[in-house]
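Asks: Could you build all of it, start to finish, from the sequences and the hints given here?
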Amino acid sequence: MNLIKKALPILLVLTVFVAGFTAGGLFGLFINKDPLLEPQSHTITHKGIKFHSLKTAPPSEDVLHSEKAEVSFEKPKERISPYNWINEDNIELRQDGVFIHIDNPKWAVIADTNSMDPVIDENTHVIQIVPKSVSDIHVGDIISYASEYGFTIIHRVISTGRDEQGWYAVAKGDNNDHIDPWKIRFKDIKKVLVAIIY
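For the sequence shown, our numbering assigns the number 91 to the initial residue and increments by one for each residue that follows.
No lab work stands behind these hints: they were computed from the structure. Keep in mind the model is a prediction, meaning the values are calculated, not measured. Glycine residues also receive a C-beta, built at the ideal position from the N, C-alpha and C atoms. The reader is advised that the hints may include incorrect statements.
Within a straight-line C-alpha distance of at most 25 Å, the following computed DSS-like cross-link-like pairs (lysine-lysine) qualify [to be verified]: (1) K280 to K196; (2) K281 to K222; (3) K262 to K273; (4) K273 to K222; (5) K281 to K165; (6) K262 to K277; (7) K281 to K196; (8) K165 to K196.
Now the in silico label distances, taken between C-beta atoms and shown as ranges [claimed, not checked]: (9) E254 to K165: 38 to 44 Å; (10) E212 to S162: 18 to 24 Å; (11) Y288 to Q185: 17 to 23 Å; (12) D253 to E212: 21 to 27 Å.
Replies: Take a look at the structure:
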């Protein structure tokens with residue numbers, strides 16, 4: 091009985107505290123209209139992040155969400171590629187290095203023009219050969235040729251043909267929007283690229 095008399099004031103204080111806390115919370119929910127104190131949600135859309143009161147949150151169809159991507163098993167389309175200049179039997183892998191047997195190879199370092207990105211970029215090392223005839227030039231090959239601007243251009247052959255002046259090639263940089271603006275004659279072709287060393 092003595093223990094109950096000692097604990098009664100503590101229980102009374104706790105009861106008053108809990109009752110006051112509960113009454114204050116309920117009073118705040120019904121009386122307080124300050125939007126800064128309302129519970130909020132945030133929505134991520136294509137326009138950015140927006141914060142909303144829970145009462146005014148947008149419908150779920152406006153919310154940015156991930157969509158299941160369809161898987162395509164279609165075969166990739168064929169693209170023009172360089173001719174296979176170096177046969178397997180001309181490549182030797184040894185302990186002391188790689189040896190590629192090419193007759194009369196020419197070495198070059200590429201300037202920073204961005205026209206052949208991403209295949210060839212600034213300071214890329216390439217190995218070239220001098221073509222002997224038009225039969226050495228194939229659609230897809232990367233050639234270096236003397237341009238009408240007076241400097242050498244390294245671009246990909248996208249077509250070949252013949253006109254009243256004879257054989258010609260049309261070239262384009264892989265990263266250029268337009269083809270080179272002239273027909274390239276065989277006499278202007280200096281080399282054909284046969285290897286790129288990254």
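Asks: For every hint, state whether the structure bears it out.
Replies: Against the structure, the hints:
Between K280 and K196 the alpha-carbon distance is near 10 Å, which keeps this suggested pair within the 25 Å criterion. With a C-alpha separation of about 10 Å, the suggested pair K281 and K222 falls inside the 25 Å cut-off, and the hint holds. Distance check on the hinted pair: K262 and K273 sit about 11 Å apart at the alpha-carbon level, within 25 Å; holds. Of the supplied pair hints, the one linking K273 and K222 holds, its CA atoms being roughly 19 Å apart against a limit of 25 Å.
Under the criterion of a C-alpha separation no larger than 25 Å, the hint pairing K281 with K165 is inconsistent with the structure, at around 33 Å. A distance of roughly 18 Å separates the Cα atoms of K262 and K277; the hinted pair therefore holds under the 25 Å criterion. Among the hinted pairs, K281 with K196 is consistent with the structure: their alpha-carbon atoms are about 8 Å apart, no more than 25 Å. Distance hint between K165 and K196 is unfulfilled; the C-alpha atoms sit about 37 Å from each other, more than 25 Å.
Checked against the hint of 38 to 44 Å, the pair E254 and K165 passes, with Cβ atoms roughly 40 Å apart. The given range of 18 to 24 Å is broken by E212 and S162, whose C-beta atoms sit roughly 35 Å from each other. Here the CB-CB span from Y288 to Q185 is close to 22 Å, well matched to the stated 17 to 23 Å. The hinted window of 21 to 27 Å between D253 and E212 is violated, with their beta carbons roughly 35 Å apart.
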